[in-house]
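Model the full assembly from the supplied sequences, consistent with the hints where possible.
Chains as they are written, first to last, in this note's numbering: chain A, 1 to 642; chain B, 1 to 150.
Treat the hints with caution; some may be incorrect.
Distance condition first, Cα-Cα at most 30 Å in a straight line; then the derived DSSO-like pairs of lysine-lysine [said to hold, decoys possible]: (1) A/K294 <-> B/K3; (2) A/K588 <-> A/K577; (3) B/K147 <-> B/K132; (4) A/K598 <-> B/K132; (5) A/K497 <-> B/K61; (6) A/K91 <-> A/K12; (7) B/K141 <-> A/K497; (8) A/K477 <-> B/K132; (9) B/K3 <-> A/K601; (10) B/K141 <-> A/K557; (11) A/K618 <-> B/K100; (12) A/K490 <-> B/K100; (13) A/K149 <-> B/K12; (14) B/K12 <-> A/K557; (15) B/K3 <-> A/K577; (16) A/K577 <-> B/K61; (17) B/K12 <-> A/K294; (18) B/K141 <-> A/K410; (19) A/K578 <-> B/K147; (20) B/K141 <-> A/K588; (21) A/K91 <-> B/K3.
I should point out that these hints are in silico values taken from the structure, not numbers from a laboratory.
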Amino acid sequence: MLRINSPEELEKLRQEILSRSDPSKPCISICAGAGCLASGAGEVIAAFKAEIEKQGLTTDVNTKGTGCPGFCERGPVVIIYPEEICYLRVKPDDVPEIISQTIREKRVVDRLLYVDPTTGEKAIHESDIPFYKNQKRNLISYNSKIDSKSIDDYLAIGGYSALAKVLFKMTAEQVLEEVKKSNLRGRGGGGFPAGNKWEGSRNAPEPIKYVLVNADEGDPGAFMDRALLEGNPHSILEGLTIGAYAIGSHEGYIYVRQEYPLAVVNVNIAIRQAEEYGLLGKNILGSGFDFTVKVHQGAGAFVCGESTALMTALEGRAGEPRPKYIRSNIVGLWGRPTVLNNVETWANVPLIINKGADWFTQFGTEKSKGTKIFSLVGKITNTGLVEVPMGITLRDIIYKIGGGIPGGKKFKAVQTGGPSGGCIPEKLLDLEVGFDELTKAGSMMGSGGMIVMDEDTCMVDVARYFLNFLIDESCGKCTPCREGIRQMLKILTNITKGKGKEGDIELLEELAEVAIDASLCALGKSAPNPLLSTVRYFRDEYEAHVKEKRCPALSCKELIAYHIDPSKCQACMICLKKCPADAIEGGKNRIHVIDQGKCTKCGTCIEVCPARFGAVNKISGQPVPAPIPEDARTLVRKSKEQ
Amino acid sequence: MNKGRVDQIIEKHHGEASSLIQVLLEIQSEHHWLPKEALDRISEKLQVPLTRILYIATFYKAFSLVPKGRHEVHVCVGTACHVRGAPRILDTVQDLTGIKPGETDADLKFSLETVNCLGCCALGPVLEVNGKTYGNMGPSKTAEVLKNYE
Ligand SMILES: Cc1cc2nc3c(=O)[nH]c(=O)nc-3n(C[C@H](O)[C@H](O)[C@H](O)COP(=O)(O)O)c2cc1C
Ligand code: SF4
Ligand code: SF4
Ligand code: SF4
Ligand code: FES
Ligand code: FES
Numbered sequence: 001m002l003r004i005n006s007p008e009e010l011e012k013l014r015q016e017i018l019s020r021s022d023p024s025k026p027c028i029s030i031c032a033g034a035g036c037l038a039s040g041a042g043e044v045i046a047a048f049k050a051e052i053e054k055q056g057l058t059t060d061v062n063t064k065g066t067g068c069p070g071f072c073e074r075g076p077v078v079i080i081y082p083e084e085i086c087y088l089r090v091k092p093d094d095v096p097e098i099i100s101q102t103i104r105e106k107r108v109v110d111r112l113l114y115v116d117p118t119t120g121e122k123a124i125h126e127s128d129i130p131f132y133k134n135q136k137r138n139l140i141s142y143n144s145k146i147d148s149k150s151i152d153d154y155l156a157i158g159g160y161s162a163l164a165k166v167l168f169k170m171t172a173e174q175v176l177e178e179v180k181k182s183n184l185r186g187r188g189g190g191g192f193p194a195g196n197k198w199e200g201s202r203n204a205p206e207p208i209k210y211v212l213v214n215a216d217e218g219d220p221g222a223f224m225d226r227a228l229l230e231g232n233p234h235s236i237l238e239g240l241t242i243g244a245y246a247i248g249s250h251e252g253y254i255y256v257r258q259e260y261p262l263a264v265v266n267v268n269i270a271i272r273q274a275e276e277y278g279l280l281g282k283n284i285l286g287s288g289f290d291f292t293v294k295v296h297q298g299a300g301a302f303v304c305g306e307s308t309a310l311m312t313a314l315e316g317r318a319g320e321p322r323p324k325y326i327r328s329n330i331v332g333l334w335g336r337p338t339v340l341n342n343v344e345t346w347a348n349v350p351l352i353i354n355k356g357a358d359w360f361t362q363f364g365t366e367k368s369k370g371t372k373i374f375s376l377v378g379k380i381t382n383t384g385l386v387e388v389p390m391g392i393t394l395r396d397i398i399y400k401i402g403g404g405i406p407g408g409k410k411f412k413a414v415q416t417g418g419p420s421g422g423c424i425p426e427k428l429l430d431l432e433v434g435f436d437e438l439t440k441a442g443s444m445m446g447s448g449g450m451i452v453m454d455e456d457t458c459m460v461d462v463a464r465y466f467l468n469f470l471i472d473e474s475c476g477k478c479t480p481c482r483e484g485i486r487q488m489l490k491i492l493t494n495i496t497k498g499k500g501k502e503g504d505i506e507l508l509e510e511l512a513e514v515a516i517d518a519s520l521c522a523l524g525k526s527a528p529n530p531l532l533s534t535v536r537y538f539r540d541e542y543e544a545h546v547k548e549k550r551c552p553a554l555s556c557k558e559l560i561a562y563h564i565d566p567s568k569c570q571a572c573m574i575c576l577k578k579c580p581a582d583a584i585e586g587g588k589n590r591i592h593v594i595d596q597g598k599c600t601k602c603g604t605c606i607e608v609c610p611a612r613f614g615a616v617n618k619i620s621g622q623p624v625p626a627p628i629p630e631d632a633r634t635l636v637r638k639s640k641e642q
Numbered sequence: 001m002n003k004g005r006v007d008q009i010i011e012k013h014h015g016e017a018s019s020l021i022q023v024l025l026e027i028q029s030e031h032h033w034l035p036k037e038a039l040d041r042i043s044e045k046l047q048v049p050l051t052r053i054l055y056i057a058t059f060y061k062a063f064s065l066v067p068k069g070r071h072e073v074h075v076c077v078g079t080a081c082h083v084r085g086a087p088r089i090l091d092t093v094q095d096l097t098g099i100k101p102g103e104t105d106a107d108l109k110f111s112l113e114t115v116n117c118l119g120c121c122a123l124g125p126v127l128e129v130n131g132k133t134y135g136n137m138g139p140s141k142t143a144e145v146l147k148n149y150e
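Next up, the structure:
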């Protein structure tokens with residue numbers, strides 16, 4: 001591979017790559033993101049390769065494994081270029097038809113298209129699907145256009161032109177000014193203005209400085225950073241290099257969580273390719289600017305996503321936060337000025353440079369500019385990654401893009417901000433998404449987890465869930481966090497078990513205050529948020545647990561009982577055979593009855609009872625109806641009655 | 001795990017003490033746990049006290065100081081899977097294997113771990129056995145899946 005020594009050579013290479021690829025040549029892009037791989041994308045890719053060879057089309061068709069374009073719900077997702085035909089839920093069996101119909105005959109395979117559930121209309125192109133139509137995909141739309149392992153693909157879409165621009169046409173100060181003007185705020189949690197952080201480091205006297213990518217993605221329900229890093233690693237490297245140039249750093253690190261092996265592989269490939277082309281390393285593009293990047297894998301500790309803990313971990317020690325008397329952009333990694341930004345923050349940088357701060361600020365609200373990627377998951381029809389302009393309402397995200405709540409259930413709350421965030425109730429759905437707006441509602445933007453909850457989700461359990469998550473993650477250095485979380489968790493667990501006492505809710509609120517006021521780092525300070533927001537908006541659910549020993553969502557195991565409705569049971573015996581506790585009495589033509597003494601509440605019976613019967617119920621806060629007497633258990637079938 | 005291999009891994013990371021975590025990760029991923037002899041060797045080569053290595057090995061969740069079972073079961077307890085019923089899946093796995101997260105059974109058949117978001121929330125709740133993902137799990141489906149592993 002040839003080293004590129006100037007911006008002109010870069011442009012020449014780009015033109016070469018573009019001319020090599022015939023725009024009319026079909027390209028099949030198959031999502032190889034985690035979601036699609038889990039639904040069989042690997043087999044689909046193999047099937048395409050085999051079929052293309054079988055039909056002798058190897059030189060006429062390209063295939064690409066790409067990062068997640070967002071619509072994981074309907075994976076494996078396949079997009080055929082240049083027509084941009086979007087096929088969903090593709091199986092290996094569909095492949096021969098796609099090749100012979102779409103590739104050879106230019107005909108669309110109707111049954112693989114998106115069908116609008118309300119209108120019944122079919123959508124051929126990605127952009128016609130309501131899920132995508134209502135988004136603003138400045139960052140994530142590149143994922144399906146490039147092979148995540150190919151630097152040439154990135155160059156073909158204009159990659160590294162922003163880097164060339166800053167190195168040859170802008171001073172470091174100008175870069176800084178542009179980023180400040182864009183008002184880009186950190187996408188990893190706090191929403192701190194990136195430009196100000198950079199400026200602090202730039203002005204620090206210490207000559208050796210570092211730039212870091214936070215790819216720890218600790219929010220347990222989010223995967224947008226993963227999708228960017230796996231799908232478009234060069235965009236992160238380019239952003240990071242631009243940041244390094246702006247602050248005067250020559251060394252960068254990417255801290256990736258250990259659970260993301262593919263991201264590690266892809267980003268390492270990207271680094272190697274960029275080094276070979278001279279886009280990283282010494283004398284980048286002949287500009288005289290040197291910059292190297294190393295990847296550091298995390299080892300499984302949520303607290304390491306916190307800035308000071310991450311830096312301690314990078315130094316090879318146990319990642320414990322330290323007090324921030326001095327900000328880490330002044331005294332950070334190895335005691336030197338260090339800029340740490342989230343993956344998505346860095347991904348925005350090349351766009352801001354290329355298209356300008358004015359372009360960037362046209363999206364969003366006064367204080368929150370640009371777009372934000374959310375991981376829209378939980379009880380939502382269209383699970384996936386969505387990129388939206390700041391300022392869009394939660395309602396639009398959940399209903400217009402997310403397609404609402406599946407199964408005819410009722411919406412209850414949406415959780416944002418992960419373990420540091422909170423639950424937002426129905427009455428606030430018209431809230432505009434932005435850093436300050438979400439904080440005001442008792443939640444926060446966080447890194448982009450957006451978990452939708454329906455009537456079956458217990459809010460007390462959600463609060464308990466996050467504290468239970470954090471109890472393992474608190475580094476234990478300070479008492480209000482370590483002991484406070486333990487105590488809050490203990491009380492909440494008791495409440496979910498029906499052992500809640502009068503006064504517990506107030507006690508929880510007091511403990512929360514202390515943790516907020518006296519914890520050393522943001523983990524402890526924000527740990528009570530899920531609890532406080534659920535108490536604030538769903539106090540009645542807490543009270544039902546405490547006073548009536550009832551779980552309104554029928555979720556808390558200790559407060560519910562499984563019961564077979566004798567008028568619905570059709571004696572199919574499925575539950576009887578599957579019950580692991582032998583707790584179901586029944587037989588052929590016998591109405592089945594659960595022995596409450598034996599039942600372990602595993603939930604198998606409700607899962608296996610055929611939906612057309614729906615005979616198993618959950619009950620809470622009231623006594624289980626007495627089992628019907630033995631002699632009344634013979635089933636009288638309706639069909640025979642007539 | 002032989003000494004030579006441990007030395008190779010250490011050398012790959014230029015024998016720097018700051019790469020301790022990376023060295024441990026590589027040994028963990030190759031060997032599935034961290035044998036005492038390997039830790040002694042690292043301590044000697046990197047000039048890091050064994051107590052510090054053990055502290056790190058217990059601080060981070062990726063490391064195991066005991067051998068793992070033949071089949072590694074990972075139950076996703078990420079938020080999306082949680083609200084879709086992950087606790088019932090975890091209960092089922094615990095009942096069937098008799099072990100809790102972080103444990104390995106006596107005949108080294110299963111090791112159980114909980115994980116956070118595997119990136120396939122659309123299929124939640126999900127379960128992973130030896131890296132293979134099973135989606136839309138229920139208690140009964142979970143029992144069926146585990147039956148396939150000997
Ligand atoms: C306990 C804790 C965990 C965090 N985890 C992450 C994380 O996984 N990813 C991330 O980007 N930021 C995380 N943060 C925020 C970082 O401390 C830091 O603010 C951020 O990486 C800065 O980048 P940004 O300004 O671009 O958002 C976490 C903070 C805390 C307190
Ligand atoms: S607040 Fe919690 S996580 Fe942060 S330093 Fe204190 S104990 Fe550690
Ligand atoms: S909940 Fe589980 S143990 Fe109880 S009756 Fe149903 S299948 Fe049996
Ligand atoms: S599965 Fe449902 S219908 Fe069948 S025996 Fe059990 S309760 Fe009755
Ligand atoms: S993983 Fe394929 S669309 Fe998200
Ligand atoms: S939360 Fe389980 S896969 Fe995302």
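Inset, instruction - Check each numbered hint from earlier against the structure, then list the numbers of those it violates in ascending order. - result: 4, 6, 8, 9, 14, 15, 16 and 21
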